[in-house]
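Novice: Sequence:
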Amino acid sequence: MIEPAASQLLEELMPPRFDGRDAGLEFCGKPLDVVRSQARQEVFDLARHFTSRYRDTPYGSSGLASGQPLLLSGHQPELFHAGVWFKNFLLAGLAAQSGGVGINFLVDNDLCRMSSIRVPAQEAGGGYVAKSVPFDTPRDAIPWELRRLGSAECWQQFPASVKRVLLPEAEEPLLSELWGEAVSAVRSSDRLGLALAQARHKLEEKIGLQTLEVPLSHLVSTRGFARFSIQLLSELPRFQEIYNSQLEHYRLAHRIRSHAHPVPALEQEHGWLEAPLWIYRSAAPKRQRLWVRVLDNQLILSDRAGWQAVIEGRLDCDNAASQWLDLLADGVCLRPRALLTTMYLRIMVSDLFIHGIGGGKYDQLTDAIVRKFFAIDPPPMAVATATLQLPLGEHADIHHLGETDEQRKAQRDRLWKLKYHAEQVDGQLNDEARLLAAKKQSLLEHIPPRGEKWEWHRQITAVNRRLSELTAEQQQQAKTQLEQLATQERYARVLFSREYSFCLYPLDFIAQQLSNLVTL
Numbered sequence: 004m005i006e007p008a009a010s011q012l013l014e015e016l017m018p019p020r021f022d023g024r025d026a027g028l029e030f031c032g033k034p035l036d037v038v039r040s041q042a043r044q045e046v047f048d049l050a051r052h053f054t055s056r057y058r059d060t061p062y063g064s065s066g067l068a069s070g071q072p073l074l075l076s077g078h079q080p081e082l083f084h085a086g087v088w089f090k091n092f093l094l095a096g097l098a099a100q101s102g103g104v105g106i107n108f109l110v111d112n113d114l115c116r117m118s119s120i121r122v123p124a125q126e127a128g129g130g131y132v133a134k135s136v137p138f139d140t141p142r143d144a145i146p147w148e149l150r151r152l153g154s155a156e157c158w159q160q161f162p163a164s165v166k167r168v169l170l171p172e173a174e175e176p177l178l179s180e181l182w183g184e185a186v187s188a189v190r191s192s193d194r195l196g197l198a199l200a201q202a203r204h205k206l207e208e209k210i211g212l213q214t215l216e217v218p219l220s221h222l223v224s225t226r227g228f229a230r231f232s233i234q235l236l237s238e239l240p241r242f243q244e245i246y247n248s249q250l251e252h253y254r255l256a257h258r259i260r261s262h263a264h265p266v267p268a269l270e271q272e273h274g275w276l277e278a279p280l281w282i283y284r285s286a287a288p289k290r291q292r293l294w295v296r297v298l299d300n301q302l303i304l305s306d307r308a309g310w311q312a313v314i315e316g317r318l319d320c321d322n323a324a325s326q327w328l329d330l331l332a333d334g335v336c337l338r339p340r341a342l343l344t345t346m347y348l349r350i351m352v353s354d355l356f357i358h359g360i361g362g363g364k365y366d367q368l369t370d371a372i373v374r375k376f377f378a379i380d381p382p383p384m385a386v387a388t389a390t391l392q393l394p395l396g397e398h399a400d401i402h403h404l405g406e407t408d409e410q411r412k413a414q415r416d417r418l419w420k421l422k423y424h425a426e427q428v429d430g431q432l433n434d435e436a437r438l439l440a441a442k443k444q445s446l447l448e449h450i451p452p453r454g455e456k457w458e459w460h461r462q463i464t465a466v467n468r469r470l471s472e473l474t475a476e477q478q479q480q481a482k483t484q485l486e487q488l489a490t491q492e493r494y495a496r497v498l499f500s501r502e503y504s505f506c507l508y509p510l511d512f513i514a515q516q517l518s519n520l521v522t523l
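For reference, each letter of the sequence shown is one residue, going 4 to 523 in our numbering.
No lab work stands behind these hints, which were simulated from the structure alone.
None of these values were measured; they are calculated from a predicted model.
There could be a bad hint or two in this list.
Taking CB as the label site, the calculated pair distances span [claimed, not checked]:
1) Arg-411 <-> His-264: 30 to 36 angstroms
2) Gln-367 <-> Arg-20: 20 to 26 angstroms
3) Gly-130 <-> Arg-415: 55 to 61 angstroms
4) Arg-411 <-> Glu-156: 41 to 47 angstroms
Calculated cross-link-like contacts (lysine-lysine; reagent style PhoX-like; alpha-carbon spacing at most 25 angstroms) [said to hold, decoys possible]:
5) Lys-442 <-> Lys-420
6) Lys-456 <-> Lys-420
7) Lys-442 <-> Lys-456
8) Lys-412 <-> Lys-442
9) Lys-482 <-> Lys-420
10) Lys-456 <-> Lys-443
11) Lys-33 <-> Lys-375
12) Lys-456 <-> Lys-482
13) Lys-134 <-> Lys-166
14) Lys-166 <-> Lys-209
15) Lys-482 <-> Lys-412
16) Lys-364 <-> Lys-375
Beta carbons are placed, not taken as given, at the ideal position from N, Cα and C, and that holds for glycine.
Sequences are here, hints too, so could you generate the full structure?
Specialist: Right, here's the structure in full:
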């Protein structure tokens with residue numbers, strides 16, 4: 004799925020594009036088009052430098068060319084499913100066709116919750132189950148940028164561990180090729196996310212995808228993001244009011260009752276205003292909400308759990324931005340949450356932002372906040388995903404397992420009729436049952452008036468009970484069939500899941516499938 008269509012996205016990447024020149028908006032006393040141009044160059048330089056550390060790039064030492072489109076997408080640095088990987092194929096394809104640069108950023112401020120993948124396996128009894136196979140020892144959930152390798156042995160043995168449980172019908176997965184790069188990458192940086200991302204990105208180079216990558220933690224450690232943050236925090240009371248009101252409108256429009264979706268509202272407590280950022284450090288890796296007090300010419304920042312900092316002279320935006328960058332240099336991780344991340348990148352950096360389905364939904368809220376707070380329409384976004392299933396070979400006796408819903412409904416209806424209306428089930432009546440069915444029909448045709456139904460009710464209840472007893476064997480057969488269909492459906496969910504990691508697919512198969520879906 005690509006929405007809008009790829010052809011329309013290519014049209015939107017042609018001049019004239021949003022550059023902020025006519026927005027009438029200033030950041031730190033500079034017109035939006037000036038700070039946007041600087042921020043774009045910062046991001047391009049960071050991504051080119053980061054990527055060139057481990058793979059070749061098609062870009063020399065020159066900067067981003069004037070008027071060259073910049074396309075962005077991003078995801079957590081994990082072993083995601085094929086539908087997520089499709090965004091990278093689309094990013095590369097659109098960048099190549101438009102003469103632009105595609106940058107995929109690694110959302111390393113998100114939590115690393117899992118250090119394993121699910122692998123389809125065969126049970127001893129012949130059934131199918133998804134087994135969890137670890138690539139590292141389990142740890143508490145902390146941001147990816149702080150997550151270090153726990154077990155070198157587990158990491159190195161991961162392909163063998165997968166092979167031991169993976170269905171024999173499955174073709175050779177690309178994992179064996181990917182993991183050699185992952186083992187090399189983790190030696191230079193013991194950060195799990197970086198190793199996984201670099202191994203995948205080098206594989207993309209072999210496939211022919213030309214993109215750059217950069218961690219979000221690097222991308223937001225720039226003067227451009229520091230200026231953006233200072234200006235937003237200086238106006239935090241107004242921003243928070245707009246943020247929360249637009250969130251409420253979004254929930255009403257989409258009939259969302261949960262106070263946690265798509266994001267929680269920003270709170271106020273005892274003079275502190277919650278900002279849409281996280282705060283954490285290596286010594287305190289648990290993510291905390293960032294709280295802010297705006298006092299005269301100061302910004303007081305706190306996690307309200309022991310850490311606090313003061314930025315002096317907030318009205319001198321460049322000086323305040325330098326103090327913000329000093330905090331980052333000292334190891335304080337001030338990181339944007341999802342809405343603020345795409346808000347900054349779309350206003351200040353991208354000509355097109357490619358989301359998955361989830362991101363595309365919440366960025367409708369981002370658009371509403373941007374229009375209300377900044378009084379501009381942000382550059383366009385797209386939504387892309389794909390559904391692939393593992394090719395399990397001609398010998399896997401599973402091709403009949405995917406269509407059981409209608410069969411289960413038919414068996415449930417049959418069981419209900421056998422219990423309560425056995426006379427309606429063709430071919431199930433013996434002589435006694437046929438007589439009972441005739442008696443029931445007669446009773447139904449002669450329903451007595453109210454107040455005289457006791458004997459009638461007794462007779463029809465007895466008929467129904469006896470009819471049900473006479474079909475007990477057929478009822479048991481229907482129950483057995485339902486259990487078998489439920490088992491088949493469970494197996495089908497295991498075998499046909501779209502959620503398996505891209506690393507379980509054969510390289511030629513998945514590369515061809517995803518490339519074919521990029522119809523430009």
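Novice: Look at each hint and say if it fits the structure.
Specialist: Hints, verified against the model:
1. Between Arg-411 and His-264 the beta carbons are some 31 angstroms apart, a value that agrees with the proposed interval 30 to 36 angstroms.
2. Our hint of 20 to 26 angstroms for Gln-367 and Arg-20 holds, since their Cβ atoms are close to 21 angstroms apart.
3. Between Gly-130 and Arg-415 the beta carbon distance is about 22 angstroms. The supplied range of 55 to 61 angstroms is therefore violated.
4. Here the CB-CB span from Arg-411 to Glu-156 is close to 45 angstroms, well matched to the stated 41 to 47 angstroms.
5. Of the pairs offered as hints, the one joining Lys-442 and Lys-420 holds, with about 17 angstroms between alpha carbons and a cut-off of 25 angstroms not exceeded.
6. This hinted pair checks out: Lys-456 and Lys-420 have alpha carbons roughly 24 angstroms apart, not beyond 25 angstroms.
7. Taking the CA atoms of Lys-442 and Lys-456, the gap is near 16 angstroms; set against the 25 angstroms cutoff, the hint holds.
8. Between Lys-412 and Lys-442 the alpha-carbon distance is near 29 angstroms, which puts this suggested pair outside the 25 angstroms criterion.
9. For a cut-off of 25 angstroms, the pair hint linking Lys-482 to Lys-420 stands: about 13 angstroms separates their Cα positions.
10. Simply put, Lys-456 and Lys-443 have alpha-carbon atoms about 14 angstroms apart, close enough for the 25 angstroms limit, and the pair holds.
11. Distance hint between Lys-33 and Lys-375 is fulfilled; the C-alpha atoms sit about 21 angstroms from each other, no more than 25 angstroms.
12. Taken as a hint, the Lys-456 and Lys-482 pair is broken in the structure, with Cα atoms around 34 angstroms apart against an allowance of 25 angstroms.
13. As the CA atoms of Lys-134 and Lys-166 are separated by approximately 12 angstroms, the hinted pair is consistent with the 25 angstroms bound.
14. Taking the CA atoms of Lys-166 and Lys-209, the gap is near 23 angstroms; set against the 25 angstroms cutoff, the hint holds.
15. The suggested pairing of Lys-482 with Lys-412 holds, with an alpha-carbon distance near 12 angstroms, which does not exceed 25 angstroms.
16. Between Lys-364 and Lys-375, the direct Cα distance comes to roughly 18 angstroms. Compliance with the 25 angstroms bound is thereby established for this hinted pair.
Violated hints, in rising order: 3, 8 and 12; the structure is consistent with all others.
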